[in-house]
Every structure is written in C-alpha cells, then in structure tokens.
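> Spelled out, the chains give:
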Amino acid sequence: MADTMQFDLVSPERRVASFQARAVKIPGSEGDLTAMPNHAPLITTLRPGILHVEGERGSDEYIVTGGFAQITPEGISVLAEESYHRDEMSQEILDRMVEDAAERQRKSIEQSHNEPGPTDDAAKLLSDMMAVGSHIGLSAKQPSL
Amino acid sequence: MANLKDLKNRISSVKSTRKITKAMQMVAAAKLRRAQEAAENARPYAQQFEAVMGQLAASVGDSPTAPLLLRGTGQEETFLLVVMTAEKGLCGGFNTNIVKRAQVRIRDLQSRGKTVKIVTVGKKGRAVLRRTHGDMLIDHVDLSDVKTVGYGNAQEIAQGVLKRFDASEFDVAYIYYGEFENTMTQVPTEQQIIPAHFDAPEGDAASGSNTLFDYEPSEEAILADLLPRSVSTQIFAALLENAASEQGARMTAMDNATRNADDMVENLNREYNRTRQAVITNELIEIISGAEAL
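Protein chains in written order, with the working numbering: chain A, 1 to 145; chain B, 1 to 294.
Heads up, a few of these hints could be off.
[What the hints assert, rightly or not] In the DSS-like style, the derived pairs of lysine-lysine whose C-alpha atoms are separated by at most 25 angstroms in a straight line are:
id	chain 1	residue 1	chain 2	residue 2
1	A	Lys107	B	Lys147
2	B	Lys124	B	Lys31
3	B	Lys163	A	Lys124
[Said to hold, decoys possible] Between beta-carbon pairs, the in silico distance windows are:
id	chain 1	residue 1	chain 2	residue 2	range
4	A	Arg106	B	Met184	30 to 36 angstroms
5	B	Ala30	A	Ser134	24 to 30 angstroms
6	A	Ser59	B	Glu169	46 to 52 angstroms
Read the hints as simulated data drawn from the structure, not as lab findings. In this text, a Cβ means the ideal position worked out from N, Cα and C, and glycines have one as well.
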C-alpha cells in the first residue's frame, strides 16, 4: 500500500499547492475528516477552516473558505473558493473575510426575516471564519451587526 | 508640386504616430503574456470543476428534483445574453466581432418571437448595443477601473445573473466572449451557462472517472451548492479568455498600424527627395539660362 497520495489544492485564480501527502485533514461541511491513501471515493463540500496536510517534508496548513474536495484512493483535489498558505494569511485578509461573512449574515437577516435556515447558515459561516482567525493567532474584529 | 515644408510636416507627424502605435504594441505584448499566464493558472480549477460537475450532473440526471439551474425552467421564452467586450478600443475587430456574434443570436431569437434581455460587460460592446438594441439592455457591468480581472469580478457578474434567474426574469442565459486562439485569431464564442450543460464523464477506467463516489452532504445538496459556483467559474474563464484575446487583438492591430506607418514614411520620404531634387534642378536651369542670355 502506498503511503503517500497526490494532493492538489487549487483556487479559481491559481494552483496553490500540489505535492505528495500522507494525510490530509479536511474541514468538511458535515464535520472534519482526515483522508489517507486508499480512502473511499468521496466528494464533500467544505466549510471555512484549516486544511492540515501531512506531507513528506513535515506538515503544512492552508486556510480555505468553502468549496469542495474530491477524494479518490489515489489522491485528493481540493477546489477552494479562496485559499491561502498559513504564512500568507494576514490580518487584512482575515478582516476582509470576516467582513464578507458578516455582510452576508446582515443580508440574510434582512431578506429572510429571522426565518431559520439561511440566517443560521450565515451565522455559522461567520463563526467558522472567526474560529479560523483564532486558530492561527489573529484576532478578528468583532463585526458590527 | 507638393511643397517641401508640407511634406516635412507630414513625415514627422506619421513618425510620431508610429512611435505611439509601436509603444502600444509593446505594452499589449507584455499584458498579453500576463493575461495568458492568468488564463493558464485558472485552468486546473476549471477543468477539475467541470469534471466533478459532469459526474454529478450525470448521476442526478433529469430527475424532477434536480435544481432549476441544471434542468432549466422548462420553457424557453426569455433569453439573457451576457455580452463581454473590452473596455478600450484600438484592438482591431475584436469588440465588433463579439457584438456581431450576439446580434446574430438576437435577430434569430426575435424572429422566433422570444424576449431578449442583454447585460453588457465592458464599455465598447455597450456603446454599439445601445444604438442597435437599446430597449433590451437591462444592466451593465463596468470593469474600467479593474486592472486585472479577479475571481471576485466574475462572482459579482454571476451573482447578478443568478439573482435575475431566481426572480424568474429569464429562462436561458448565454455568454459571449472572444476565445483566444493565438495572437492573430480570436474566435467570438457563444456559450450557454443556464441551464447548465456538462459533458458526461467518459467511462475511462484509467482516470477513475467512473468510480462511484460517496457524497457528503447528499448529491443534490452538493449540486445545489456547486451550480452557482459553476456559473462564476465559467464567467471567470470567459473573462480571462477575453482579456488575453483583447491584448492579442490589440497587439496585432498595432503591429499592422506600425507597418502601415513604415510604408507611409518610406513613400513620403521618396516624394520629399524627388521634390527636393526637382527644386535644385529648377534653380540650376534658371542660373544656366540666365548666364547664357548674357
């Protein structure tokens, strides 16, 4: 059994990463999951979070904001809406992401008049974003709602 | 006979025009390289996306519960055309060709009694369409202060389109853009984005495309999540193609203009020299015949 698999992380604008990995922890929308070589074929959507990759040369972390991942026994392709390596992540980017999520929540509150569903989703999105921030040691500004 | 001074002026004016066109050509060449790179970088995402969508669409198929974006509204009455052109001119027939491609479709739809709505992206296409089909224009996206198109721009356009679709303002949507073949050729292209159309994956065992996937959450939830994104992705790809095509077209147009200016300068120089020689000969004749008369 091969102990590594192809890992690709692409965003619409560029290929962020592509290398051999031993295990990848994916922030799936239904919960985190770790994929290793010979994982059963699976397609899952992502929530904003941290993608943790165990490569051959140590581990790496990437921030993703939604998208989906396609897992096959041979490899993993993650198609993220937006994606940054942990080192590229800055306070400005986080602020903008949080602001976007907060904006979406405001809109859905206006539109759906406190119906559950879209508003809850938006609130979850926002809290996911904030969690990402605290994980990498940046404090997100509390958005004004 | 043309006046020497006039000729001199014309030569210098053509020469300075040549300098401008030459500079524009070089700028376009540099921008083209960057635009091509951007298009290249976006390709892996678009391809993978398409592959996954193909699988999903094939497995959900025409089931009546499939999202509207995939199976359509069930009628074909109102058409939305998203016409993407450049913000600037001086790029040969690039803008005209795209607009013409759209106009052919508009006439075809009108003759079949359909309603047509147009959204323009880019100033140049808007200018022409406003003259010919002004009553159909419903929106315009201005990208004139955008230096390099990003995914965000595509998302904005896509969201505008999707909002109209949700409000049942149209049934079918097409996008128009110039597909980049090489610097000489840009093909005006029409592409249907709603209802979405995906090529079913080929049953190719080697690439594993016929593997049965598990879906999390359900197949249909994923599809509903991804279809709007696929609209953005397609628009983004079109925008990038368009940007590369525009620069390619401009490069070619400016190259032609520079060469024309070269020819003109050469002809004018010849005429100038000939005139100068004639003036000298004239003077000599006058002097000699004056001397002979004595």
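> A separate judgement is required for each hint: does it hold in the structure or not?
Now for the hints, and whether the structure bears them out:
1. Proximity of A/Lys107 to B/Lys147 is assessed by CA-CA distance (about 29 angstroms); at most 25 angstroms being required, the pair is judged violated.
2. A C-alpha spacing of about 19 angstroms is found between B/Lys124 and B/Lys31, which places the hinted pair at or below 25 angstroms, so the restraint holds.
3. For the given pair, B/Lys163 sits about 23 angstroms from A/Lys124 by alpha-carbon distance, which is consistent with the 25 angstroms threshold.
4. At about 50 angstroms, the beta-carbon gap between A/Arg106 and B/Met184 misses the expected band of 30 to 36 angstroms.
5. One distance hint, 24 to 30 angstroms for the beta-carbon pair B/Ala30 and A/Ser134, is violated here, with the actual separation near 43 angstroms.
6. For the pair A/Ser59 and B/Glu169, the beta carbons lie near 49 angstroms from each other, so the given range of 46 to 52 angstroms is met.
Checked against the numbered hints above, the structure violates hints 1, 4 and 5; every other hint is satisfied.
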